[in-house]
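These protein sequence lines are chains A, B and C, in that order.
One point on numbering: in our numbering, the residue at position 286 of the first sequence is 286, and numbering is uninterrupted.
One point on numbering: in our numbering, the residue at position 322 of the second sequence is 322, and numbering is uninterrupted.
One point on numbering: in our numbering, the residue at position 312 of the third sequence is 312, and numbering is uninterrupted.
No lab work stands behind these hints, which were simulated from the structure alone.
This one's a predicted model, so the numbers in the text were calculated from it and none came from an experiment.
Positions of the beta carbon are idealized from the N, C-alpha and C atoms, including for glycine.
Mixed in with the good hints, there may be bad ones.
Now the stretches of chain A that chain C is said to cover, found in silico as 3 or more residues with beta-carbon under 8 Å [as the list claims (entries may be wrong)]:
#1 15 to 23
#2 93 to 106
#3 305 to 316
#4 426 to 435
The calculated label-pair distances, taken between Cβ atoms and stated as ranges, are [as the list claims (entries may be wrong)]:
#5 B/Asp314 with C/Met1: 51 to 59 Å
#6 B/Asp196 with C/Ser121: 36 to 44 Å
#7 C/Thr118 with A/Ala306: 31 to 39 Å
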Amino acid sequence: MPDPILTTDLARELYAVARDLPLISPHGHVDPALLADDQPFGDPARLLIVPDHYVTRMLLSQGIPPDRLGVPRRDGGPVETDPRTIWRLLATNWHLFRGTPSRLWLEQTFRTVFGVETPLSRDTADEVYDAIAARLREPEFRPRALFERFGLEVLATTESPTDDLARHAKLIADGWAGRVISTFRPDDVVDLEREDWAINVARMGELAGQDTGTYAGYLDALRRRRQDFIAIGTTSSDHGHPTARTVDLSKEDAAKLYDRALHGETTPADAETFRGHMILEFARMSIDDGLVMQLHPGASRDHNRALFAAHGRDVGGDIPQPTNYVHALRPLLEAHGMDPRLRVVLYTLDETAFSRELAPLAGGYPALFLGAPWWFLDTPDAMRRFRETVTDAAGFYNTAGFVDDTRAFCSIPVRHDVARRVDASYLASLVTQDRLPFDEAAETMADLAYHLPKRIFKLDKEGTP
Amino acid sequence: MPDPILTTDLARELYAVARDLPLISPHGHVDPALLADDQPFGDPARLLIVPDHYVTRMLLSQGIPPDRLGVPRRDGGPVETDPRTIWRLLATNWHLFRGTPSRLWLEQTFRTVFGVETPLSRDTADEVYDAIAARLREPEFRPRALFERFGLEVLATTESPTDDLARHAKLIADGWAGRVISTFRPDDVVDLEREDWAINVARMGELAGQDTGTYAGYLDALRRRRQDFIAIGTTSSDHGHPTARTVDLSKEDAAKLYDRALHGETTPADAETFRGHMILEFARMSIDDGLVMQLHPGASRDHNRALFAAHGRDVGGDIPQPTNYVHALRPLLEAHGMDPRLRVVLYTLDETAFSRELAPLAGGYPALFLGAPWWFLDTPDAMRRFRETVTDAAGFYNTAGFVDDTRAFCSIPVRHDVARRVDASYLASLVTQDRLPFDEAAETMADLAYHLPKRIFKLDKEGTP
Amino acid sequence: MPDPILTTDLARELYAVARDLPLISPHGHVDPALLADDQPFGDPARLLIVPDHYVTRMLLSQGIPPDRLGVPRRDGGPVETDPRTIWRLLATNWHLFRGTPSRLWLEQTFRTVFGVETPLSRDTADEVYDAIAARLREPEFRPRALFERFGLEVLATTESPTDDLARHAKLIADGWAGRVISTFRPDDVVDLEREDWAINVARMGELAGQDTGTYAGYLDALRRRRQDFIAIGTTSSDHGHPTARTVDLSKEDAAKLYDRALHGETTPADAETFRGHMILEFARMSIDDGLVMQLHPGASRDHNRALFAAHGRDVGGDIPQPTNYVHALRPLLEAHGMDPRLRVVLYTLDETAFSRELAPLAGGYPALFLGAPWWFLDTPDAMRRFRETVTDAAGFYNTAGFVDDTRAFCSIPVRHDVARRVDASYLASLVTQDRLPFDEAAETMADLAYHLPKRIFKLDKEGTP
């Protein structure tokens, strides 16, 4: 019976402390319709392969185009539609995933979620497929049933200010006990370089009942929509920018950029300045309304332009880039870094920043916390390096706990489980080195797995409204 | 009985080789008045918490302002003065330090310096406080007695050319056997951006009996003051710049920058050029007078401006920044990198430079040696990464040995002890991997702990003058 | 009996899978004359010390100039000529190499190639020297005999388009069974900053029978010469640029840069643009003729100018520099990154790019593969870090396998052996962590050691023509 990552009894003991604690998922991309509608999942391929860009990008890297994996095309052109064919393609190329987190997540999902113990291989492709497909037809494998089985105490989805939150309203109206909240993610009304920016802003204005024809109206619309999100339980916002740059513009200068954008006169430099400025605006809004800010800079989006052209965003074409924090965040920190009412959770895709910038910053400003190693770094080895490089200057209590950041609902428990195993393993190494007594390591274990994310993301107030 | 870091018998055997070797401390910030006056230390809080910015910054990061920890304000405003209150605040928040070097240093200091075995916690705060306070009243815990007990063979403090070295003179005049020398640190007469630069230069001129109204006079004053430092035993200089930039200006161009500065006409670019140029001037002085040069670039000083405004410099508000060496040092290395009379010890706060730049440079130029991992990197994990990344290209003998860099006198033996443990652990791993026989590992152990720093910092000539 | 790196039985079992597999050496710098002429090697010092810049640079870093080690001077001035004196100088300073790959390679070469078990030291210098010298006089120690004993299935040397390939022709004409091919390395006809660029281009033109007076003729000459290389078995090209920059110029703009260069009017910026542009030209040629492209950017060449002045290139004076891939490669990848006919193997000297840029790129573009950790990173610790940082996003099958990159013929088996040991050790850690079953680890082991490099460098077609 595989028991990944843990290699000592001490690590297993520490893991046992956290294994059965409820899951706190304050940052993810599950479609709320899934839980609002509670329809059965589709076939194994559409559930586990087609939407998983970790999987499709690896296969692409070895010459298997996303079309053959059923990934929809923007032009509506034909792609593979037979789920069994897609599944076999994965099984035949399963060796490509040796040593990767995708393999760990999928194997553990097969086993712990679906109870399928047969290892996947070219020869067992159909057997594994059929076993999972059979499970998916059972009522115990509907989304809400799984939500409860997973021990999810709270799940945050992510929506834009252009979203009417109807599915969250339905979830509340249904009276189902599961706590599903949203995260306020305004990138598509902030990034002036998006071709749909003006449309998005107008849509937000309608939903907010505000005239977004002026910068002041735009800010008001954002404030109103934040209140709508807070009303359905939201406790944080999320900001994904190319860089960590923050800029402290005057209202007048910001309004000029905004007006120029409405007239379609934005330069790339304007857009970068405006994104940076809006971080300060959002910080001020957070100080007022209490939303925790999450910043995750550092992705060169749609680096693979051919992939973007064929299949659009979020299909595995983003690549990390070097990311500076120490200078980029200074305007934000000068203005509000010492304010105890502000809480900012920082993520990175550039590991070099962990010991050099992020841990010293989080270990020096009350407003800052470090987000979990994320995306390309959400792996056993990278999570271990995270602890080894940030604990020195930030300790454990300036880190915000694990976030699964996933659109793959069925992988949620596995991802948390891997993080708990890695933390158990790291804490065990401190105990073994006489750097921490066992009882404190055990308390820390529970804090990292459960109490810290709950507190830092302000999820310790009960339930949705 | 905790025995931190060491997890194998082999590591313990190698550690045993170095455990009792005398301490060489060629780079630190202990106040020489401490040893010149040999007065009893104050209370435990003022000794161990108030001046330790590693401790106060971590507490600040969790919302406890330095005022509540007794850190003096620049405006003389009120701060906490009751040492027991400050001590309890640390004890109550002791969990924040789990896994950090601060915890390791403090715990080991309590135990090995003060003989207090009770682990610190909220419940034991007073017990630990009282035990340490009692010790501090004993004559065996006066600075000179501790100096001898610590096995300090030599301790270098750090002074500016504006210092009259009166306390060092007193130490020599006293005839006490302890070897306390200084380090020549001219930053405050080199950095044109300091508001007190002109005052400092004038003060240096007075002490040197030189007219600093000209660039030539300024250089003469520096040379004279270096001789004053050498006369009280100094063997090295120390240069803390924001970057590692070196510039080889003509005397004429340097003189122009200097003159402009005297007239208050300095730009930030001028200041950076002048700092870079002065590295070459100091290298030339070192070739003449034999002082070892220490360069430690890479801190964004006073990043936390609110902290600087309230409490001034060196209270935990500095943050590391990305630091380039390969291009920055080239002017220095072209001019003098092959000169066997020059010895430069390089430090970094940017770990990415270890394998990419620093080890290849130190492993390729006779003048260069690598300083110990320092400040944010003076930790068990970072010291291990230092050896793992620099040994390939620089070996052990292009590294300069441990420096404690501390103003916390009582933590000196513990810091050296941790470094010795980490090196023992790394050397043991080489032995286990059949990459080094035990006898050579043991010899290397003693070299790293004692012989190398003594030789590289030119401390192998006997005693103070 | 030392068995380096392996510390567990599991690692030893996995290593055993690969230990005796043939060696694939698709990237190296052995002089083909060695095998074409098959003359006995000279003395131990000229074989093992004088040409090994890893060894001479370490000794230089401790003040022993290359002259004393017999490294030839550009001015023909006197250098040490007595091999035994040179050898003793190494032995006397053997401690400098503790923990370095040079020591591992030399010790293993002494033992496994020459059968000399006596550890080198000041006292045993002559004994080891004499034992190796005696071996070198035996016919079993001639180059071709060693080639066969080493189990070299194929060895690629590296030549410029200005090389007439006469020695490779002789090797083919001789009918000797050893497969020795070349690699097409056009840097000296591409880098406009080289003082001999125009001469090199003219020489290439003569060999190709093309008029290089125009850019079109220059490209034709390159194409012809690639065919000449392919005719003697070449399967890849190799491009060593200061940066990874790629540029997609129009033919017209490229022709203008070329014309200006012929007239001696090149700026450094022109040269960088032209190098970047030529990567795209070579990619297009590769799509046509099938040569695998190797890119290895990131060295600041001849950083040590005094060393260059005295002894020329490739004697240990190069230093790595920070290297960007994500933006630099984008023009290449936009144009051809999705083309299955293109195969690009990327190297780096900047480890920070592994997890941040290189693994995501190789794990996202069909054309890209990751070359082995190279040069300063060809070490047990760095190779381990390579696997730990790239496997997450690139897996094993987007890595291209080990290359020895050496001019030291006798070190080839040892270098491959070290790589196999490190991979065995890493794979064992995955098995121990229940992240990979043993049978798949064993299959991966053989793939990394043999099958992958053979396939990725297109060496799976039989023999030389």
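Structure-based check of each hint:
1. Counting residues of the segment 15 to 23 of chain A whose C-beta sits closer than 8 Å to any C-beta of chain C gives 0, which falls short of three, so the coverage hint is violated.
2. Only residues whose C-beta sits within less than 8 Å of a C-beta in chain C count toward coverage, and the segment 93 to 106 of chain A has 9 of them, enough to reach three; the restraint holds.
3. Residues of the segment 305 to 316 of chain A lying with their CB closer than 8 Å to a CB of chain C number 4, which satisfies the three-residue condition for coverage.
4. With a threshold of 8 Å between beta carbons, the proposed coverage of the segment 426 to 435 of chain A by chain C is violated, since 0 of its residues qualify and at least three are required.
5. Range check, aspartate 314 of chain B to methionine 1 of chain C: about 54 Å between beta-carbon atoms, so the 51 to 59 Å window is met.
6. The supplied range of 36 to 44 Å is broken by aspartate 196 of chain B and serine 121 of chain C, whose beta-carbon atoms lie about 56 Å from each other.
7. Checked against the hint of 31 to 39 Å, the pair threonine 118 of chain C and alanine 306 of chain A fails, with Cβ atoms roughly 60 Å apart.
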